[in-house]
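There are 4 protein chains.
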Amino acid sequence: MKRIAVMTTGGDAPGMNAAIRSVVRCGCASGVEVMGVFRGWWGLINEELKPFNHRSVSGIINQGGTILKTQRCHEFNTEEGQQRAFNTVKKYDIEGLIVIGGNGSFAAAHRFYQKYGVPCIGIAASIDNDVNGIDMTIGSDTAINTALAAIDNIRDTATSMERVFVVEVMGRGCGYIALSVALAGGCEDVIIPEIKYDISKICHDIVNGNLKGKISWIVVLAEGVAKAADITKQISEITSLECRAVTLGHIQRGGRPTAVSRDLALHLGKAAVDRLLAGETDKAVGFVKGEISAVDFEKAIMKKEFNVGRWYNLIKILS
Amino acid sequence: MKRIAVMTTGGDAPGMNAAIRSVVRCGCASGVEVMGVFRGWWGLINEELKPFNHRSVSGIINQGGTILKTQRCHEFNTEEGQQRAFNTVKKYDIEGLIVIGGNGSFAAAHRFYQKYGVPCIGIAASIDNDVNGIDMTIGSDTAINTALAAIDNIRDTATSMERVFVVEVMGRGCGYIALSVALAGGCEDVIIPEIKYDISKICHDIVNGNLKGKISWIVVLAEGVAKAADITKQISEITSLECRAVTLGHIQRGGRPTAVSRDLALHLGKAAVDRLLAGETDKAVGFVKGEISAVDFEKAIMKKEFNVGRWYNLIKILS
Amino acid sequence: MKRIAVMTTGGDAPGMNAAIRSVVRCGCASGVEVMGVFRGWWGLINEELKPFNHRSVSGIINQGGTILKTQRCHEFNTEEGQQRAFNTVKKYDIEGLIVIGGNGSFAAAHRFYQKYGVPCIGIAASIDNDVNGIDMTIGSDTAINTALAAIDNIRDTATSMERVFVVEVMGRGCGYIALSVALAGGCEDVIIPEIKYDISKICHDIVNGNLKGKISWIVVLAEGVAKAADITKQISEITSLECRAVTLGHIQRGGRPTAVSRDLALHLGKAAVDRLLAGETDKAVGFVKGEISAVDFEKAIMKKEFNVGRWYNLIKILS
Amino acid sequence: MKRIAVMTTGGDAPGMNAAIRSVVRCGCASGVEVMGVFRGWWGLINEELKPFNHRSVSGIINQGGTILKTQRCHEFNTEEGQQRAFNTVKKYDIEGLIVIGGNGSFAAAHRFYQKYGVPCIGIAASIDNDVNGIDMTIGSDTAINTALAAIDNIRDTATSMERVFVVEVMGRGCGYIALSVALAGGCEDVIIPEIKYDISKICHDIVNGNLKGKISWIVVLAEGVAKAADITKQISEITSLECRAVTLGHIQRGGRPTAVSRDLALHLGKAAVDRLLAGETDKAVGFVKGEISAVDFEKAIMKKEFNVGRWYNLIKILS
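Chains as they are written, first to last, in the working numbering: chain A, 21 to 339; chain B, 21 to 339; chain C, 21 to 339; chain D, 21 to 339.
Each hint should be verified, as a subset may be incorrect.
Since the list gives no way to pick out one identical chain from another, each pair is judged satisfied if it fits inside one copy or across any two copies.
Claimed, not checked - Derived lysine-lysine pairs resembling DSS-like cross-links, with alpha carbons at most 30 Å apart: (1) K135 to K232; (2) K319 to K309; (3) K22 to K135; (4) K323 to K309; (5) K309 to K336.
Since the hints were derived computationally from the structure, they do not count as laboratory data.
Using the sequences and the hints given, assemble the complete structure.
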C-alpha cells in the first residue's frame, strides 16, 4: 500500500487525537502516505481530506475531542452517499481506511468493505466501552474518571446535607461506566440496562440504611434505563427523604485523556496500521485479555458481554 | 469570653472545613473554648454540639463539605425554635456565635442577635458569591473552577462535533459564577439575572457566527433565569442547528477547595474570632478591596452590587 | 476462620484505603471478624491493632495514603521481631493475614508463613507496578496519571521556551511508570533500567531533531538508572542546548486514587478474603490477563517480566 | 494608532495565552491591527513577527505556555540589539507595544521607551506574583494551585509513613507562593526570603510536635533561600527523624490556567489596549485593591511589598 486514510466518526472520545497521532506517525514510519479525512464519512462523501505528515499531529496527544472532527452522517446510509464516498477513495488512490469510532462506525465500515472491497480496520474509541469482544475502548477510562470526580464532589454535599442523590451517567445501552463509577465512588446502588431494577427494593434499602444511621446515599443511573428526574421523584415520594437528581451529560465526553486512554490509543494506532498493511480488513483492533488483538466487525457490534455480575454484586456487598 | 460556638448553615461550600479549622485553632490560641454545633441552627435547637480542640480539626483543610454538617432548618423560623436555640446557648454558657454560611444564614443570625442579644459574627461561605459588600465568598472560586473544567470538556465536543451547547451553572439570583466561567471559558454568550436576555439576538449571533465559519458555540446560563432545556429548544427551533443542554448541578458544590477558597477561609476564620472576642457583633467578616474587613448583616443580605457590565461587555468583545 | 487481620506495609500507594475498605466489608459480609493492624509488621510486633467494622472504613475510598499507616520495619527481619509478631497473632486468635503492599511485603509474608504457618494472602499495592506475574498493582495507574499531568505541564514550558527537559520518575528497579508516561506524554526519549542507554545517541537525536525544527524535547528517566541532574549536565555539555532537570519525587505517591486504582483495590480486597477463607495461602491476588487470579509469593517477588519492547519501540516511532 | 504589537517575554506563565487572546481581539474590536512578535525581544531584533487576527487566537484560552513563545534575550541588553529592535518597530509602523511578562520584561520595556520613545504598556504575567504595586500577576494562582495539589499528595505519604518533608516551591525573591501554599496546605512551617529562618527553632518545633503525637510535618521552602536537600539534611541530623526533600520545580510553571489566571488575563488584556490607545505608556496594568489600575514600570520592578506578617503569623497559629 502507498496511501491510506484515517478518520474519526460517531461521538468524540478522549484519546481520539492520540490515536490519530499514532496512525499518522506509524504510517509515515512504514512508508505509506496518510490522508486525514474530516468529519468522518461526510468528509469522504464531500472530498474533505488532506495529506497528513509527522508534524500535522504535533501537540495533540493530550487534547480531548478530535482534530479531524466528527459527525453522525445520515447521507452515508444512502446508496448515493456510499457511492460518492467510494468515488473519493478511488480518486485519491486510497488503498485502506482506518476508522476510529464505536459500534455505529464499525457497522458502516463493515458495509462499506462488503460493498466496495475497500480494506477497513477499526480502532475502538467510545466513552461507553460498549464494543463487544475487547477489553476497553479509547476514552472510556477518561469518562469514568470524569464521572468519578463528579461523584466525589456530590458525595461531599450528600454527606454534609444528609441527602439522597441520583446521578445519571452515560453509556448508551451498556452499564460499564455506571458500574465502574458506582463501585469506585462507593455508591450505594446502581441501575443499569443489564439488570432489571426494583424501585421499591432500592427505597427499602435507603430507609433501612437511614435507620442504621447511614446519612448519604448515591444511586448511579445508566442513561437509557430511566431519567434521573423520574427516579428521584419516585424515591422522594416513597421514602419522604430529600432527594436530588444530577445528570452529568456531556462533561463526560471531553477533557484531557488519561494515561490509559492515551496509551491504549497509541498502541492501537500502530496495530491498526500494521494490520492494514499486512492485508487484514473488516475488523477492529483492541486489547483482548491484556494483549493486542483484533475482533471482526460483525462480532464487535454485537451486544457487549462482560462480567456484569462481578461488579454488581461487589457494589452491593460494599455499600 | 470563655466559650464560643461555631456552626455551618445553608448550602455547603468548599472551604467551610478550612474555616472551621481556623476558627477552632484561633479560638484555642486565644484562650477560649470552641464548641462545634452540628447541622446549623437545628443543632442549637436540639443540643447537638460538643467541645472541639486543636486535634478535632486535623486533616480537614482540603476536604469539601463540612464536618459540622449543615441543614436548612425551618424550625428556626418559629418562635419556639428560636427560644430552644437560645436555651442551648444559655445552658452551655456560649458567649458568642460564629456562623459560617450565606445570606440566609446571616439573616437568621441577625434576627437571633436582635432578639436575644447573643453576639454573632458571620463568615461568608457560599459558592454563589452573592453576599453584598464583600469581594468573594468562600467556595466561590472552587465552584467556578469546577464549572470551568466542565466547560473546557464540553468545548472539546462542541468543537469536534460543531454543535451549540447551553450550559446551566449555579448562582441563585446572582450572575457571578456565570460571568466568570463564560469569560474564562471563552464562551460566546451568557444569560444572567442582572441583564435581560433576548433569545432572537442570541440566535442571530449564532447564525451569523456560523456563516463566518464559527463552528462551536457555548451559551452559559445562570440558574433561575430559565431552564437549559427550554433555552436549548428555542435555539434549535430558531436556528435549526443541533443544540444540546447541560445542567452542571451539584458537581459545583463539592470538591477539594482551591487555594483561594482555603486561604480566604483561613484568614477569615481568624478575623471572625478576633472580632467576636473584641466585642463586635451583627456583621460578617470578608475581604473588601483586598483587605480584611467586615460588613453589617443588614447590608450583606441585600442584593449584591458588583461590576456586571465590565464582565458582560468583555465577554461580548472577546467572543 | 473467625478472625483475620489486615495491614498495609512498605511504601504507601493510592488505593490502599479502598483495599482496606473492601477487605473489612467483605470480611464482615462473610461472617469473620477483621482486625486492623497499624504500621504493618511493626504493629503486629507491638500489639497495635484493633477490631474494624463496616463503619470503620467509611469515607476513605477516595483518600490517598493508608488509614492503617505503614512503616518499613527492620525489627521484623530479626528472629525476635518475628516471634513477637507471631505471639500477637496467637494472643488475638488471628487465623489469617491479609498483607497489602509490594514485593518487600510479600517476601516478609512468605517467610512468616513458612516459619509459623500463619495463612497469608497478599494484595499487590505499589505505585511501581513491579510485582511479577500480575497485570497491574494498586496505585500504579494513579501515580502514572500524576506524573503525566506533570509532564503535560512541563511540555508547556518546554515548547514555549524551546528547551530540553530531563524528568525523573519513580519506579525502583522497574521501568513501567517511565514507559507509560513517556508514551502517553509524547516524550522524545526514555531511560529505563531494562535497557542500556547511550547518552551520545540521545544527544545525537536531540541535535538532529533541533536541526529539523523540533523545539522541545523531554527525556523521561526512571529513578535508579541515573540522577536527573547528571543526565541534564551531560546533555547540556554535549549539545550546548539549555537543559533543565525535574525530579517528580513524592508527588507521585499520594493523591486521590483513579478509577482503575480504586476498582482494582475493591475487586482484589474481596478476592483476598475469599481465598483466605477458602484455605489458600502464600500468594498474592491480582488480575492476570484481565481476570482475577493469584500468583505465588515466590514468583511475585521475582523481577517483573513485561513487554518492555512494545512500549519502548513505540515511543521511538512516535517521537 | 493603527498598528500595535504584542509579545511575551521572560518565563512563561499560565494565562499568557488568554492575555494574548484578549489583546488581539480587543485590538481588532478597537480598529487597530495587532502584530504578534515571537520569542519576545529576540523576535523584535530578528523581525520574527506577523499580523494576528480574531481567528489567530482561537482555542488557546485554556492552554498553558505561550503561542508567541518566549526567551530570555541577552542581545537586547546591548546597544546594537536595542537599535535593531527599534528598526523593526519603525519598519513595520508599530506605534505601540504590549509586553506580557514580569519584572525583567518591564525593566527592558522601560529602557526601550526611555531611549526610543516607543509607547509600552506591560501586563504582569509571572507565576511568582512578585510585581510590586499590583495585587496578583497572571499565572500565580495557577502555580499556587499546582503546588498545593502536590502538597496535598505529599501530605498523604507524610501522614501514612509519619515523616517530615521539606518541599521547595518557586517564587524567586518573593515568598508569596510559599506563604500561600503553606497556609492552604496546612503546612507546619515555611521558610521565605522576607523573614530570616532559624533551623534550630524549626527542629525544636518538630520534636515538640512529635512528642505531642503530631505525626507528619511539612516545611515549605521558597527557592533561593536554601536548597531543599540541605535543609532536609540539617533537620535529619538535628532531630534524628526521617526527612525527605521534594523540589517541585517546573511543574509549577505550566498547565491549564485557573479561572483567576484567565479572568485576570482577559480583563488586563483589554485594559492594556485601552490605555495604549489612550496614549498612556511606561506602566503595567494590574488590579489594585480589586480595581483595574496601572503602576509605573519604575515602581513595578521594585521589591514587592505585601502583608507578609499576616500570612506568616497565621501559618504559625494554625499549624
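- [ ] Could you work out which earlier hints the structure fails to respect and list their numbers in ascending sequence?
- [x] Hint check: 1 fails alone, others pass.
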